[in-house]
Amino acid sequence: MKYIIFILFTVMTNAAAQLMLKQGMMSMGPISFEGVNPFVKLSQVVFSPWVFLGLCTFVISMASHLYVLSKVELSFAYPFLSLAYVAVAVFAYFVFREDLNGWRIAGIACICVGTVLIAQSGRRHEDQTVSINPDKIGTSEIVR
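Using our numbering, the first residue of the sequence shown is number 1, and each one after it goes up by one.
Since the hints were derived computationally from the structure, they do not count as laboratory data. Do not take every clue at face value.
Capping the alpha-carbon separation at 20 Å, the derived lysine to any residue pairs in SDA-like fashion look like this [what the hints assert, rightly or not]:
1. K22 with L53
2. K22 with K71
3. K2 with K71
Generate the whole structure from the sequences, applying the supplied hints.
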């Protein structure tokens, strides 16, 4: 559980990147590739300020996630990324005035409950690994 701060940082930077990408695409308007070189259009999208900032934030999020993966089990860390759905839905409601209806709130509640259950499973695993004292392991136990 001591890496939870890094996991939550990964979640929040992932959500922030999504919000920046949305802002960037809203500022560009609908994209059309008609009569335009697709590579030119793609470079316009990628290098627009909000989209570029969002992509850079994704890189930071990925670097943080790689650090987390080097420290904790994948089956523990990865489900926490679902909290990015929660953060994006809530922030999109306030920033972009997107709909946050009963079905979405119920889904958010399910995601939060599932994440709490997964976090509890990690706590038990951590407690089990901490309780092993290498000084009290006998030679016959090492051979097993």
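Each hint tested on the structure:
1. The hinted pair formed by K22 and L53 meets the criterion: a straight-line CA distance of about 11 Å does not exceed 20 Å.
2. For the given pair, K22 sits about 32 Å from K71 by alpha-carbon distance, which is inconsistent with the 20 Å threshold.
3. Between the alpha carbons of K2 and K71 the distance comes to roughly 10 Å, so the proposed pair stays at or under 20 Å and holds.
Of the numbered hints stated above, the single one contradicted by the structure is hint 2.
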